[in-house]
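Peer 1: Just so you know, the protein sequences line up as chains V and Y, in that order. Per numbering that gives the first Met the number 0, numbering through the first sequence is continuous, rising by one, with the last residue being 193. Per numbering that gives the first Met the number 0, numbering through the second sequence is continuous, rising by one, with the last residue being 193.
By construction, these hints were calculated from the structure, which means they are not laboratory data. The model shown is predicted, which means the values in this text are computed figures rather than measured ones. One or more hints might be untrue.
Said to hold, decoys possible - Going by beta-carbon spacing under 7 Å, a handful of chain Y positions derived as facing chain V: (1) R57; (2) R119; (3) H168; (4) A180; (5) A181; (6) A184; (7) R189; (8) W191.
For each residue, glycine too, the CB sits at the ideal point set by N, CA and C.
2 protein chains.
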Amino acid sequence: MPDTARRERYHHGALRAALIDTSIDLLAERGLEAFSMAEVSRRLGVAQAAPYRHFADRDELLAAVAVHAGDVLHERLVRVTGDGSPAQRLAAASAEYVRFAAEQRPLFQALYGAGLDKRRPDLQRMGERIGALFLAPARQICGTDEHAQRLTSAVIATAHGHATLLVDHGVDENAPEDAAAAVRALIAGRRWLT
Amino acid sequence: MPDTARRERYHHGALRAALIDTSIDLLAERGLEAFSMAEVSRRLGVAQAAPYRHFADRDELLAAVAVHAGDVLHERLVRVTGDGSPAQRLAAASAEYVRFAAEQRPLFQALYGAGLDKRRPDLQRMGERIGALFLAPARQICGTDEHAQRLTSAVIATAHGHATLLVDHGVDENAPEDAAAAVRALIAGRRWLT
DNA sequence: GTCTATATATCGATAGAC
DNA sequence: GTCTATCGATATATAGAC
Chain V
0 MPDTARRERY HHGALRAALI DTSIDLLAER GLEAFSMAEV SRRLGVAQAA
50 PYRHFADRDE LLAAVAVHAG DVLHERLVRV TGDGSPAQRL AAASAEYVRF
100 AAEQRPLFQA LYGAGLDKRR PDLQRMGERI GALFLAPARQ ICGTDEHAQR
150 LTSAVIATAH GHATLLVDHG VDENAPEDAA AAVRALIAGR RWLT
Chain Y
0 MPDTARRERY HHGALRAALI DTSIDLLAER GLEAFSMAEV SRRLGVAQAA
50 PYRHFADRDE LLAAVAVHAG DVLHERLVRV TGDGSPAQRL AAASAEYVRF
100 AAEQRPLFQA LYGAGLDKRR PDLQRMGERI GALFLAPARQ ICGTDEHAQR
150 LTSAVIATAH GHATLLVDHG VDENAPEDAA AAVRALIAGR RWLT
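Using the sequences and the hints, build the whole thing.
Peer 2: Rendered as structure tokens:
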């Protein structure tokens with residue numbers, strides 16, 4: 000990259016992806032409150048008007064980041080649910096869910112804390128894809144579909160609770176393993192899930 | 000209240016409490032993103048400078064709302080943990096925690112989603128008071144303090160997970176009872192909490 | 001597809017009068 | 001303890017040139 004200034008790199012074509020990347024960086028450094036189209040543009044060295052060619056408004060950009068975050072989370076969950084007993088896979092998925100929140104905090108926040116409309120089709124679909132990764136092992140554990148559904152909801156709530164407490168209340172080294180343990184306890188006591 | 004306009008009511012004395020009340024209303028109607036000192040002042044019919052006599056800045060006012068929210072939650076939890084077996088009290092506390100989030104959504108958000116510094120002494124103390132209500136029954140259930148601590152963390156994470164999913168993902172009628180059931184399962188399977 | 005320039009709006013916070 | 005007035009910063013979004 001000889002003389003071409005930073006502001007030349009993204010012209011004509013690659014801006015959309017660069018906007019998402021820079022948004023993630025910005026969310027990571029300054030949080031959701033400080034996120035703005037203006038600041039993203041500034042960081043990329045493009046005009047404030049440029050992003051509006053790719054995203055209709057601020058929420059559209061945030062939603063694109065959320066979808067990206069969902070893809071990352073989904074991939075991580077797939078990786079850890081490849082083998083083992085159904086119970087092990089549920090526990091591993093929960094631990095990984097919490098690990099994702101800890102290691103990719105801004106992505107996790109974009110996914111859940113960005114105040115986006117959850118009825119958006121893209122976000123809806125993403126939630127279902129991720130939920131399916133929990134439901135599959137639960138089906139193998141439970142006798143009926145209804146029971147599997149209950150167990151899945153309880154497991155996701157437990158993982159999500161550990162993740163949000165971790166993100167909101169500071170770092171806890173053992174949160175991922177704690178979440179996995181809680182899920183094992185939940186499975187052991189699942190006859191109480193009404 | 001004959002001729003005295005609304006803007007007269009809060010002069011000289013009662014503004015502090017009125018600011019907290021109005022902040023809660025504003026958070027309820029428009030969410031945290033739309034919360035501002037300016038809008039709170041506008042709603043009360045006072046000058047934008049007036050709140051700064053009572054709160055140093057925006058965060059101080061939000062923190063006061065959070066402390067109020069903590070008091071309300073604490074009171075609700077005390078009310079439902081008065082009697083019953085330790086397991087029943089833990090389950091009841093969890094259900095009430097979720098019910099609070101559902102019924103007092105803005106207060107719940109002020110408590111956890113306001114991006115406040117958790118090292119604030121007032122908020123720290125509040126978290127401990129609420130945690131103690133979960134720890135007491137857990138102590139009666141568990142043999143050692145360490146086990147009680149683990150069970151408490153798992154129960155709070157479960158309740159918090161159900162609450163945040165409820166608040167973020169729309170209304171679910173049965174979330175409080177689901178949380179209680181999950182806690183019962185957690186207690187039954189507590190030997191897995193490493 | 002990006003730029004310059006701008007309209008429009010709102011915010012947090014302060015100074016000084018009363 | 002509240003008001004008026006205001007500064008300075010920042011935001012979203014659009015219009016029109018290139």
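Peer 1: All hints, please: hold or fail.
Peer 2: Hints and how they fare:
1. Using the Cβ-Cβ criterion of 7 Å, the hint placing R57/Y at the interface with chain V is not satisfied: the shortest such distance is roughly 11 Å.
2. Here the hint on R119/Y is broken, as its CB sits about 12 Å from the closest CB of chain V, past 7 Å.
3. At its closest, the beta carbon of H168/Y sits 6 Å from a beta carbon of chain V; the interface hint therefore holds under the 7 Å criterion.
4. For the restraint placing A180/Y at the interface with chain V, the shortest Cβ-Cβ distance is roughly 5 Å, inside the 7 Å limit, so the hint holds.
5. At its closest, the beta carbon of A181/Y sits 4 Å from a beta carbon of chain V; the interface hint therefore holds under the 7 Å criterion.
6. Contact between A184/Y and chain V, as hinted, is supported at the beta carbon level, the nearest pair being about 4 Å apart and thus within 7 Å.
7. Against a cut-off of 7 Å between C-beta atoms, the interface hint on R189/Y holds, since the closest Cβ of chain V lies about 6 Å away.
8. The interface hint given for W191/Y is met, as the beta carbon of that residue sits about 4 Å from the closest beta carbon of chain V, less than 7 Å.
Of the numbered hints given earlier, the model fails hints 1, 2; all others are met.
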